[in-house]
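> Residues per chain are reported as follows:
There are 4 protein chains.
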Amino acid sequence: MGFARKEYEFLKELGLGPRNPGCFVHGGWRGSGPTVSSVNPVNNQTIAEVMEASIQDYEDGMQACNEAAKLWMQVPAPKRGEIVRQIGDALRAKLQHLGRLVSLEMGKILPEGIGEVQEIIDMCDYAVGLSRQLNGSIIPSERPNHVMMEMWNPLGIVGVITAFNFPCAVLGWNACIALVCGNCVVWKGAPTTPLITIAMTEIVAEVLEKNNLPGAIFTAFCGGAEIGQAIAKDTRIPLVSFTGSTKVGLMVQQTVSERFGKCLLELSGNNAIVIMDDADIPLAVRSVLFAAVGTAGQRCTTCRRLLLHDSIYDSVLEQLIGVYKQVKMGDPLEKGTLLGPLHTHASKEKFEKGMDIIKSQGGKILHGGSAIGSEGNFVQPAIVEISPNADVVKEELFGPVLYVMKFQTLNEAIEINNSVPQGLSSSIFTRKPEVIFKWLGPHGSDCGIVNVNIPTNGAEIGGAFGGEKATGGGREAGSDSWKQYMRRSTCTINYGSELPLAQGINFG
Amino acid sequence: MGFARKEYEFLKELGLGPRNPGCFVHGGWRGSGPTVSSVNPVNNQTIAEVMEASIQDYEDGMQACNEAAKLWMQVPAPKRGEIVRQIGDALRAKLQHLGRLVSLEMGKILPEGIGEVQEIIDMCDYAVGLSRQLNGSIIPSERPNHVMMEMWNPLGIVGVITAFNFPCAVLGWNACIALVCGNCVVWKGAPTTPLITIAMTEIVAEVLEKNNLPGAIFTAFCGGAEIGQAIAKDTRIPLVSFTGSTKVGLMVQQTVSERFGKCLLELSGNNAIVIMDDADIPLAVRSVLFAAVGTAGQRCTTCRRLLLHDSIYDSVLEQLIGVYKQVKMGDPLEKGTLLGPLHTHASKEKFEKGMDIIKSQGGKILHGGSAIGSEGNFVQPAIVEISPNADVVKEELFGPVLYVMKFQTLNEAIEINNSVPQGLSSSIFTRKPEVIFKWLGPHGSDCGIVNVNIPTNGAEIGGAFGGEKATGGGREAGSDSWKQYMRRSTCTINYGSELPLAQGINFG
Amino acid sequence: MGFARKEYEFLKELGLGPRNPGCFVHGGWRGSGPTVSSVNPVNNQTIAEVMEASIQDYEDGMQACNEAAKLWMQVPAPKRGEIVRQIGDALRAKLQHLGRLVSLEMGKILPEGIGEVQEIIDMCDYAVGLSRQLNGSIIPSERPNHVMMEMWNPLGIVGVITAFNFPCAVLGWNACIALVCGNCVVWKGAPTTPLITIAMTEIVAEVLEKNNLPGAIFTAFCGGAEIGQAIAKDTRIPLVSFTGSTKVGLMVQQTVSERFGKCLLELSGNNAIVIMDDADIPLAVRSVLFAAVGTAGQRCTTCRRLLLHDSIYDSVLEQLIGVYKQVKMGDPLEKGTLLGPLHTHASKEKFEKGMDIIKSQGGKILHGGSAIGSEGNFVQPAIVEISPNADVVKEELFGPVLYVMKFQTLNEAIEINNSVPQGLSSSIFTRKPEVIFKWLGPHGSDCGIVNVNIPTNGAEIGGAFGGEKATGGGREAGSDSWKQYMRRSTCTINYGSELPLAQGINFG
Amino acid sequence: MGFARKEYEFLKELGLGPRNPGCFVHGGWRGSGPTVSSVNPVNNQTIAEVMEASIQDYEDGMQACNEAAKLWMQVPAPKRGEIVRQIGDALRAKLQHLGRLVSLEMGKILPEGIGEVQEIIDMCDYAVGLSRQLNGSIIPSERPNHVMMEMWNPLGIVGVITAFNFPCAVLGWNACIALVCGNCVVWKGAPTTPLITIAMTEIVAEVLEKNNLPGAIFTAFCGGAEIGQAIAKDTRIPLVSFTGSTKVGLMVQQTVSERFGKCLLELSGNNAIVIMDDADIPLAVRSVLFAAVGTAGQRCTTCRRLLLHDSIYDSVLEQLIGVYKQVKMGDPLEKGTLLGPLHTHASKEKFEKGMDIIKSQGGKILHGGSAIGSEGNFVQPAIVEISPNADVVKEELFGPVLYVMKFQTLNEAIEINNSVPQGLSSSIFTRKPEVIFKWLGPHGSDCGIVNVNIPTNGAEIGGAFGGEKATGGGREAGSDSWKQYMRRSTCTINYGSELPLAQGINFG
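For the protein sequence lines, the chains are A, B, C and D, in the order given. Numbering-wise, the first sequence is residues 2 to 509 according to our numbering. Numbering-wise, the second sequence is residues 2 to 509 according to our numbering. Numbering-wise, the third sequence is residues 2 to 509 according to our numbering. Numbering-wise, the fourth sequence is residues 2 to 509 according to our numbering.
Warning: the hint list may mix true and false statements.
Just so you know, same-sequence chains aren't split out, so a pair can sit in one copy or run between any two.
[To be verified] Keeping only pairs whose Cα atoms sit at most 35 Å apart, straight-line, the calculated DSBU-like set for lysine-lysine is:
#1 Lys407 with Lys234
#2 Lys211 with Lys365
#3 Lys407 with Lys433
#4 Lys329 with Lys80
#5 Lys80 with Lys433
#6 Lys354 with Lys71
#7 Lys95 with Lys80
#8 Lys365 with Lys433
#9 Lys484 with Lys395
#10 Lys360 with Lys13
#11 Lys351 with Lys7
#12 Lys433 with Lys71
#13 Lys71 with Lys484
#14 Lys80 with Lys407
#15 Lys71 with Lys395
Just so you know, these hints were derived from the structure itself, not from any lab. Remember, it's a predicted structure, so these values are computed and weren't measured experimentally.
All chains, please: the whole structure from these sequences, using the hints.
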């Protein structure tokens with residue numbers, strides 16, 4: 002049996018067929034849960050079918066994973082780094098195909114699909130270096146003949162639950178670090194991007210096999226909320242990294258906390274760009290376009306709020322509407338397309354419903370805002386003039402809607418920026434050092450990502466990625482994010498024969 | 002009106018009288034909540050009275066604190082360090098009196114009372130140095146004319162809820178770091194140690210006043226659960242540091258998470274000492290005594306489980322019972338006393354009830370275990386032979402009860418050590434490098450504190466203090482614990498005029 | 002016998018008399034070398050007399066110091082920090098007197114004298130914190146059952162040779178760090194500031210004595226080149242920290258290298274301030290004044306070259322001459338004085354000779370430049386218009402001479418800034434981010450200190466102080482400067498019973 | 002024209018022929034200096050000929066390199082990392098051939114030849130990760146509206162002079178780090194291993210070309226002392242990394258210092274293994290064999306001194322002589338060979354002369370010590386009983402000679418270990434924690450490498466490699482060694498409009 006369309010044939014190069022088992026368990030493929038369809042957002046027709054995980058699949062997978070963890074944590078970190086290096090090389094070999102699949106199944110444009118895979122490759126390279134730098138400390142002890150050390154040991158298993166919008170890069174951020182840190186990975190991909198979950202897993206699996214390592218080091222499940230909950234409740238999983246909405250993230254957090262596990266949360270954003278009167282306007286406009294329309298507004302770092310200084314308000318708005326008009330919408334795999342469809346039909350409906358709410362709360366739609374055609378999930382990106390106090394502005398409408406607001410002073414702009422529950426990303430456009438450093442300082446943006454003269458999206462892996470407040474507080478990728486994937490112990494060794502006490506206490 | 006006893010007169014040196022307002026709000030003292038008695042655990046008679054906080058006191062305090070936060074976070078960190086240095090010097094000047102008060106009100110022996118205050122002084126000294134080292138990073142950007150920076154900014158306000166057993170040191174761990182990090186501190190001390198809360202606050206308040214700083218930078222409340230809950234729910238408090246039981250800690254965590262605040266939890270411990278057959282036995286026995294009987298077993302790091310290698314079991318037990326017999330019990334302020342009373346009458350009752358449960362679960366009491374006298378809260382420290390699987394062994398009975406168990410192999414000892422829900426502290430006594438590093442490694446102790454040839458208690462401030470699993474995962478004092486008291490932002494500044502994108506993406 | 006003048010009586014508070022032994026050797030004072038006079042630069046009359054070190058004094062001192070080093074390096078670092086804390090407190094108690102002495106003997110104005118002592122106090126506070134953070138690393142090993150560690154151990158003895166212009170702060174930078182790092186200190190102060198050397202040493206000595214530590218931990222010599230050479234050649238001194246001219250520094254370096262010791266060099270500066278056309282001119286002018294005239298131009302960070310953008314050249318120059326005219330010259334101890342005398346009569350002669358050379362090389366003296374009066378060492382600060390290519394501009398004339406030059410472009414300004422052999426400090430005044438980051442970047446200033454909108458002088462202790470090229474490359478005070486005062490060892494412990502080799506080599 | 006022997010044909014795969022230009026200058030190959038022969042140490046016959054660099058070649062190369070430096074330092078560090086990654090991959094593709102060449106031209110056995118190339122590959126992988134972690138710091142300023150930063154910028158050009166014994170790994174340590182740090186590399190390989198120099202350079206050159214980067218980023222010269230001196234004197238080269246003898250290294254240092262350049266020196270070692278009475282003797286004996294006989298005693302980390310505890314002296318010696326007798330000597334390319342020839346005929350003569358000196362100083366040759374055959378440079382590895390005080394023991398005789406000595410106490414063993422001028426590597430064999438930590442501590446080994454239960458040689462790249470005292474003090478490869486390849490600047494930006502001064506000074 003072949004694929005429905007000839008243009009899907011490239012999926013064979015990624016080990017995919019028209020019908021695919023969706024669980025990688027104990028080094029083998031299976032799937033005894035429901036069969037689901039992977040759907041092309043351009044036309045809402047099936048690309049291929051996937052058998053999802055049953056709870057039995059999950060349990061079998063976790064048992065094998067738990068066994069594998071005992072072995073993997075004893076492999077020296079630089080050797081683990083070598084495995085991750087090989088994964089990076091295997092991804093590099095399939096970069097084009099994987100990028101194409103991301104674009105096909107998720108709906109983002111091809112350069113972004115390839116960029117997403119490139120980001121995992123970058124993460125692999127980074128993690129290889131890191132595998133020799135997971136350093137503990139030797140801390141001077143106040144007691145003679147004592148040595149104090151801070152050691153970092155693997156956690157065992159890291160659960161990774163990812164969302165449709167970055168169907169593999171977020172896995173990459175987590176898995177690359179988790180693996181060099183000595184953890185096995187249990188991955189549940191988004192229910193609507195199962196082919197990517199399978200293709201990515203296949204690549205990792207081959208590397209493990211080539212190195213005679215248990216496949217269960219990397220365990221993957223296609224599945225939905227049931228599997229997600231199983232992960233959240235599973236005491237064998239000390240750390241659950243969850244990417245998704247604030248609402249679900251909070252439930253995950255409470256469930257995991259209940260059993261004294263840890264969460265790494267990457268939840269909703271509600272990101273603003275502030276344009277000051279001294280900004281480089283063409284640079285700013287180009288940035289807003291990329292940040293608001295890129296990935297059809299379905300990035301967690303998508304710019305959702307545009308704060309314009311009074312004196313440039315009209316002019317920027319005019320330019321922005323001008324560039325919005327030129328955005329080429331269409332098949333994300335076609336060259337030149339800047340805007341693909343929303344990921345699902347439900348997203349499209351949500352978008353339309355959102356427009357109604359916006360209007361009912363006083364929002365004035367300056368551009369776009371309607372769904373287009375009936376076949377796929379295309380919508381016209383919207384520019385909306387609205388008060389910063391409108392309720393809808395406090396929420397994350399996951400599509401290409403940009404709220405535009407006016408401010409008079411830097412303080413006011415910062416206040417509006419910080420007035421939403423979320424705290425992921427934020428940007429200012431200005432050329433004044435005093436404005437830049439205020440923005441970066443204690444009374445500036447309260448987000449995890451604080452940019453200047455670049456959009457809210459497009460993070461580099463060397464920094465820590467994540468946000469504050471309702472965004473969940475987790476940090477992924479660079480900086481010292483790796484510490485979250487390890488357990489820290491403060492160790493004191495007495496190698497002498499006396500027992501001096503700290504703080505000079507005398508006992509007995 | 003004077004104190005009930007002449008020996009309480011020294012309290013005047015600490016600004017205390019027979020009746021004391023228990024809230025330091027907006028730089029002044031008040032207390033419109035219930036009046037409570039501070040009770041001497043030696044005789045359960047009142048030392049002095051304290052007017053606790055009402056919810057109105059709380060609200061007034063928080064409003065002032067919130068205002069003060071705006072100012073304090075702009076004071077340069079090294080200047081904040083200078084304030085903390087002065088607090089350290091002020092404590093140094095009152096070390097003896099404060100230590101005496103700790104001993105009097107909490108019931109620990111005087112050297113430990115003084116040691117506890119000394120620990121805050123050490124923390125102050127440490128924090129002063131830290132105030133010039135709260136370093137962010139400049140990270141190489143992959144984009145030309147871009148600079149990537151990781152900045153650390155103050156959180157604003159840190160809530161600190163402390164427990165009776167370290168009525169001031171835990172405040173010290175948190176407040177010294179929180180203050181140099183640019184945060185105001187809101188402190189709720191334990192309901193049964195209000196005099197210490199007041200005396201400590203008084204010292205801090207004087208330093209703030211001398212420097213013309215708002216007293217609200219340090220806001221303190223004597224009070225109970227109501228105030229605790231108010232702190233947990235208060236969105237003005239981004240971080241709540243809670244020390245106490247796992248049960249209450251979990252409630253705090255869920256409440257704070259609900260509003261997307263952060264917690265730093267220091268919860269129950271259930272700490273084991275493992276003695277290998279090659280251990281230095283006299284050193285080990287002395288350590289067990291200090292760890293199990295010190296502070297009447299009311300440290301979170303108290304040794305509660307003693308794991309003895311089969312071959313030395315009888316001999317160690319015999320020696321241990323021998324030293325237990327020589328422990329001098331009595332008034333903690335008297336020279337030579339090693340064991341004071343339990344902190345409250347309720348603790349004494351719990352201890353007695355615990356003994357019953359132990360027996361009902363097969364525990365064999367080898368030494369001690371009964372309450373003594375009727376006036377104070379004195380109990381005989383107990384040594385109990387019991388199975389590691391007994392339910393009671395999984396819980397923290399907050400008194401001087403030591404469960405003794407036998408093991409054959411290192412692996413077995415580690416398994417028992419890790420078999421409880423808590424993960425605070427642990428120690429092994431051995432002279433073999435291979436045993437030491439196994440103990441410290443991925444398959445070793447799963448605790449936050451992992452010691453060798455020293456007891457489970459008596460941490461130095463240079464390391465990070467805290468534990469895993471049901472102990473809550475927080476880390477206080479040294480290492481990079483300060484990062485928990487700040488918010489991190491990943492900042493990218495584009496100082497060029499182009500807009501290159503990360504991962505080499507081309508958009509438009 | 003009393004002091005020549007009543008206003009010197011305060012020196013008694015610092016333990017000084019009219020005749021003072023100048024060596025602190027083995028915990029006692031002596032001085033069997035030549036007797037020299039400490040001279041007041043205001044009038045070139047004797048303040049007091051000092052007996053300098055003979056080579057025998059030196060040898061005796063070093064023997065005791067070498068013994069003391071064995072003990073001191075075993076004192077736990079946090080305990081060493083406590084000693085340094087006490088030194089800081091002792092200095093705090095004598096801040097006014099010591100600052101007064103610095104002003105009196107060196108000739109700098111009183112606020113600078115007090116500021117210099119304050120800097121040592123700051124260093125002490127900083128070093129106390131550091132004493133718990135002299136961290137080594139635990140590095141992941143590629144070999145199973147191996148642990149790799151980077152340890153930092155004391156060097157033993159650090160020799161510190163300081164210059165007259167910062168007669169005690171430079172000792173402070175070095176000694177505070179050296180001491181917490183576990184080293185004994187051997188100090189040779191400048192020959193012309195012996196009273197400060199003695200007073201400082203006295204304070205340290207008292208603290209050591211109070212703590213029952215050998216005085217030889219801090220060994221000090223008043224003396225000249227002979228003692229300096231003895232230090233440079235002494236194999237018992239693994240590190241020599243030298244502050245002074247490039248010429249002498251190079252000799253020290255070659256001598257110390259010959260015996261495989263290490264040097265930490267703080268040599269000549271030749272520091273430029275660049276003022277761009279968009280600068281805040283009043284801020285810039287005020288900064289140039291402080292940087293060029295402060296300490297009578299005798300700081301290593303004194304601004305010696307002023308690079309003005311063509312478009313603001315005339316205007317800035319005019320304003321600068323205006324403020325130069327208002328500078329109050331006189332007794333440095335008098336309130337309101339901004340400019341004291343040069344330190345010695347020889348300096349004054351050098352200054353006058355320098356003026357002749359400047360003129361002979363085409364320099365045009367726009368303001369000042371002549372000596373004043375005959376009693377003290379006063380000179381009028383000079384502003385000189387000169388080509389950046391003149392030979393004299395490449396050298397450090399250690400007095401208040403400011404060379405003014407014109408440039409057209411940022412690149413040209415940077416080229417001139419970098420065109421001198423020295424590389425200590427540099428500043429730019431601008432409000433443009435692109436200029437700031439170019440200045441800080443690979444094609445910017447090549448100095449160790451690179452400032453923006455502040456003068457070339459006035460460093461904070463939290464950063465690393467020092468310069469590149471002929472300035473010698475050493476770094477003092479903050480950041481990781483402490484590493485220079487310790488020896489690093491890369492340690493690998495095999496705690497297993499196998500012998501795997503790195504890089505997977507198979508041998509035998 | 003072909004190679005003299007068929008077995009050299011594989012060299013073609015590395016771009017080598019019978020006659021090769023030895024300079025890579027401005028992206029092209031040339032060589033207008035003397036023609037020299039690369040000689041096979043097995044038979045002293047020519048492998049191929051090489052045209053070395055003339056001074057004109059050098060000057061042309063440096064001019065191009067200096068130009069390339071301006072470009073390379075502006076390439077973002079992660080992009081530079083990508084180039085180094087590609088170099089690593091190119092080496093991986095030629096691992097077997099390059100390893101074979103190392104074995105052929107240098108004379109070490111094939112597994113060591115391959116291991117040496119693997120080490121460069123490891124370094125590349127490590128450096129890729131590092132390229133996103135060359136972090137500067139943001140340091141809290143004591144002044145409001147000021148930000149203090151520590152920035153790291155490229156030096157420009159790094160000169161690397163390597164020795165015959167690690168003809169390419171040492172280049173790898175330096176070049177990988179230097180390149181990601183933004184520096185061009187100028188390499189002078191050892192005069193007797195020109196083919197390796199050419200082959201390595203060829204691989205780097207191809208990667209540069211493929212990426213359209215100037216070849217001059219990597220400039221290489223085959224040549225001798227004249228080129229070495231030119232590098233040492235060249236003010237365009239801020240850092241010279243030199244590996245070789247202490248004698249030459251000191252000359253390089255003084256020459257480079259004279260022009261205020263910096264040196265990174267890896268000079269002679271004189272490394273001891275201490276075997277305590279509680280050691281795992283079989284492990285120790287196997288380690289000594291690898292450390293003393295491996296690479297025919299021509300590693301800088303070769304064990305040259307064996308310190309045996311009195312009680313095991315005879316037994317260990319007997320076992321050691323036993324294993325020495327079984328060492329298979331022969332062609333290093335043959336499977337099973339453990340000991341190849343010395344590198345040159347001169348080395349062989351030096352070895353023989355060394356034996357005479359040893360005898361004349363009272364050394365007793367217990368095993369080996371004579372040259373073997375006449376064709377190649379083979380010698381029998383020697384075991385010599387000698388006093389630690391003999392002059393010859395203080396020097397590095399660069400061949401397989403092991404001095405055996407007896408000690409009674411740990412202190413005595415440490416004293417002997419530290420009694421030589423060199424301070425590179427050292428090992429102890431023991432199972433006692435107190436011995437281990439004394440050995441690692443302030444009164445332990447004074448070397449840069451301090452091992453326990455592994456040999457003196459065989460370092461991992463994650464740690465810093467290098468030694469103290471006459472070994473020169475440089476550190477290569479891991480830890481923070483990269484800092485030596487960059488220049489540090491302490492930057493303060495005032496973004497406010499006031500001019501507060503450090504230390505609270507008031508000026509004017």
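> Look at each hint and say if it fits the structure.
Consistency of the hints with the structure:
Taking identical chains as interchangeable, the C-alpha atoms of Lys407 and Lys234 lie at most 35 Å apart only when they sit on different chains, with a minimum of 33 Å there against 46 Å within one chain. In this assembly of identical chains, the alpha carbons of Lys211 and Lys365 never lie at most 35 Å apart, being 59 Å within a copy and 53 Å across copies at closest. Taking CA atoms no more than 35 Å apart as the test, Lys407 paired with Lys433 passes in both settings, with 20 Å inside one copy and 26 Å between copies. Taking CA atoms no more than 35 Å apart as the test, Lys329 paired with Lys80 passes between copies only; the shortest distance there is 31 Å, against 47 Å inside one copy.
Taking the shortest alpha-carbon separations for Lys80 and Lys433, only the inter-copy value of 27 Å comes in at or below 35 Å, while the best intra-copy value is 48 Å. When the C-alpha separation of Lys354 and Lys71 is checked against a cutoff of 35 Å, the pair qualifies neither within a copy, at 50 Å, nor between copies, at 40 Å. When the C-alpha separation of Lys95 and Lys80 is checked against a cutoff of 35 Å, the pair qualifies both within a copy, at 23 Å, and between copies, at 21 Å. In this assembly of identical chains, Lys365 and Lys433 lie within 35 Å of each other by CA distance solely inside one copy; the values are 32 Å within and 37 Å between copies.
Taking the shortest alpha-carbon separations for Lys484 and Lys395, both the intra-copy value of 32 Å and the inter-copy value of 28 Å come in at or below 35 Å. Proximity of Lys360 to Lys13 under the C-alpha cut-off of 35 Å is found in neither arrangement, the shortest distances being 47 Å within a copy and 67 Å between copies. In this homomeric assembly, Lys351 and Lys7 come within 35 Å of each other (Cα to Cα) only inside a single copy, at 32 Å, whereas the closest approach across copies is 74 Å. For the homomeric pair Lys433 and Lys71, the shortest alpha-carbon distance between copies (23 Å) is at most 35 Å, but the shortest distance inside one copy (54 Å) is not.
In this assembly of identical chains, Lys71 and Lys484 lie within 35 Å of each other by CA distance both inside one copy and across copies; the values are 20 Å within and 31 Å between. Taking identical chains as interchangeable, the C-alpha atoms of Lys80 and Lys407 are never at most 35 Å apart, the minima being 55 Å within one chain and 37 Å between chains. In this homomeric assembly, Lys71 and Lys395 come within 35 Å of each other (Cα to Cα) only across copies, at 24 Å, whereas the closest approach inside a single copy is 45 Å.
When the structure is compared with the earlier hints, violations turn up for hints 2, 6, 10, 14 and for no others.
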